[in-house]
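2 protein chains.
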Amino acid sequence: MAANTETPHFKRMALIGVGLIGSSIALSAKRAGLVDNIVGCARTARTRAKAVELGIVDAMYEDPAVCVAGADLVIVCSHLGSYPAVGAAMAPGLAPGAIVTDVGSVKGCVARDLGPHIPDGVHLVPGHPVSGSEKSGPEAGFAELFDGRWWILTPGQDADGAVVERLTAFVRALGSRVEIMDAKRHDLVLAITSHLPHLIAYNIVGTADDMEAVTQGEVVKYSAGGFRDFTRIAASDPEFWRDVFLNNREAVLEMLGRLSEDLSGLQRAIRVGDGETLERLFTRTREIRRGVVEAGQAGHFIATEAGTKGSAEGEED
Amino acid sequence: MAANTETPHFKRMALIGVGLIGSSIALSAKRAGLVDNIVGCARTARTRAKAVELGIVDAMYEDPAVCVAGADLVIVCSHLGSYPAVGAAMAPGLAPGAIVTDVGSVKGCVARDLGPHIPDGVHLVPGHPVSGSEKSGPEAGFAELFDGRWWILTPGQDADGAVVERLTAFVRALGSRVEIMDAKRHDLVLAITSHLPHLIAYNIVGTADDMEAVTQGEVVKYSAGGFRDFTRIAASDPEFWRDVFLNNREAVLEMLGRLSEDLSGLQRAIRVGDGETLERLFTRTREIRRGVVEAGQAGHFIATEAGTKGSAEGEED
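Chains as they are written, first to last, in our numbering: chain Z, 10 to 326; chain L, 10 to 326.
Calculated from the structure, these hints are not laboratory results.
Every value quoted in this text rests on a predicted model; they were computed, and no experiment measured them.
Each hint should be verified, as a subset may be incorrect.
Any copy, or any two copies together, can satisfy a pair, since identical chains are not distinguished.
Claimed, not checked - Computed cross-link-like contacts, SDA-like style, restricted to lysine to any residue with a CA-CA straight-line distance of at most 20 Å:
| id | residue 1 | residue 2 |
| --- | --- | --- |
| 1 | Lys193 | Gly79 |
| 2 | Lys193 | Met220 |
| 3 | Lys39 | Ala100 |
| 4 | Lys39 | Glu153 |
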């Protein structure tokens with residue numbers, strides 16, 4: 010699609026949920042001067058107070074309908090499992106002409122769970138910024154989170170072209186690169202690039218935790234041998250990931266089946282001492298790493314008071 | 010064991026293999042002023058030339074026996090699969106009283122493969138620095154590689170206490186923390202903290218590469234969702250890891266069996282929509298991450314000309 014050269018502008022952006030992603034959108038939109046006013050909605054008083062205190066939003070509300078009232082851009086940043094309730098709760102407040110999007114990691118379920126609650130004249134265009142952190146909460150947000158990362162939009166067949174273009178320009182102005190994709194394809198691609206890696210990381214860390222022959226202290230002590238990379242992923246928000254797996258069941262199970270088959274092959278190669286099969290696979294996988302590094306998706310750094318932070322082209326494994 | 014307060018000193022250190030680990034030992038030993046003379050051995054003329062050109066060693070040799078002649082410390086830094094040949098080749102040159110150690114990721118096989126070649130009066134004390142990189146070759150080495158990491162020594166039952174103490178002091182002076190462990194226990198602990206994470210990373214990257222429904226370009230593009238952490242591990246040296254799996258077969262297969270059982274449980278939870286089981290596991294695994302971060306094993310940074318490099322407490326997944 011054609012690039013929008015005009016800087017997009019919204020009068021009032023309403024964020025349903027101000028965790029890592031919601032607060033990062035707020036900070037990034039401020040940085041780029043894309044919105045006049047930012048309001049947010051959170052279930053707990055603690056989060057509402059925190060978001061105001063940190064200066065992330067201009068106001069916080071408990072009721073989604075009040076939060077979205079008068080907003081020309083509404084971004085649902087809560088867990089996937091909350092969508093049916095959030096949709097029903099905010100519906101009465103949605104202004105005609107508003108654009109509603111979300112940041113969920115599964116896209117097929119958005120039309121099902123939010124769709125029925127969107128009034129005529131309000132535009133639903135689901136989206137997913139492919140970047141995140143094992144950190145959560147409003148204090149985890151930072152304006153650079155989306156810089157150079159992909160933001161996938163999955164507009165339905167009947168989406169308004171001008172609306173999609175406006176939203177595209179907005180997420181580009183947040184620093185992202187944009188891709189338009191079919192929701193079903195999104196869920197298949199993300200099953201292998203994101204959902205399965207998380208499941209496997211949770212799996213291996215859980216197995217290590219269950220072992221009676223090796224203590225947790227030993228696992229922690231020698232984690233620099235590779236394990237620690239899995240612990241980082243496996244420290245991600247539990248509810249968030251529960252909802253991802255429950256909502257992308259089909260694609261995840263399909264990929265998991267293939268992974269298990271391939272793992273059985275490796276198991277056999279080790280058992281019979283077939284070094285050639287092992288070396289062949291280990292050589293092939295190097296190429297993909299090269300692609301990741303060349304595509305600039307290997308990580309980026311954020312300077313913080315505590316020093317440089319980042320998940321970068323690492324030196325160790 | 011008691012800490013040795015004296016700085017250990019060797020007249021001549023011989024490195025069999027000057028890849029990432031060998032060259033890092035050389036640079037680190039120079040930094041700490043632990044050796045008068047460093048010599049190395051490599052199979053290829055290219056590596057021999059490179060190691061001299063980079064100033065990592067004082068001299069390079071092709072013949073292991075010539076390389077170890079006159080050395081009071083010999084460190085085998087070549088792949089595990091080369092040990093029987095390396096042992097036989099260097100044996101004629103080993104000086105009485107010399108200490109021979111290695112840096113291999115499996116320890117049970119060292120007594121089997123190097124042991125028979127060690128003459129009386131020469132001391133074999135196997136070792137393993139638990140840190141590494143997906144990079145390889147002499148140009149990948151850096152003096153800080155071992156700083157704050159664990160270096161495991163697995164002396165046999167009949168090892169000379171003074172020798173073990175001297176080697177302990179040496180690897181401490183390289184920046185490491187030292188642990189003395191039984192070789193069999195080492196192989197079990199490392200199977201879960203290092204070998205299995207690598208196997209799983211190779212497995213998932215290989216499965217992604219095989220998929221016809223998702224292109225490699227898509228996998229690379231959206232790798233910031235978690236996959237890229239696996240590609241880094243799966244870019245590690247293929248021959249090195251082939252030898253690890255062939256030499257730690259029993260422990261790896263035991264751990265892999267447990268992992269597969271647990272994975273089947275997760276698969277079932279997703280299939281039947283059992284969110285509670287998923288959330289319970291995902292919550293439990295967070296604790297281990299906390300332990301890794303608190304133990305200071307989450308990563309460290311290396312400032313380079315190209316900027317700061319490191320595998321750190323990451324911001325993203």
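Hints the structure violates: just list their numbers, smallest first.
-> 1, 3
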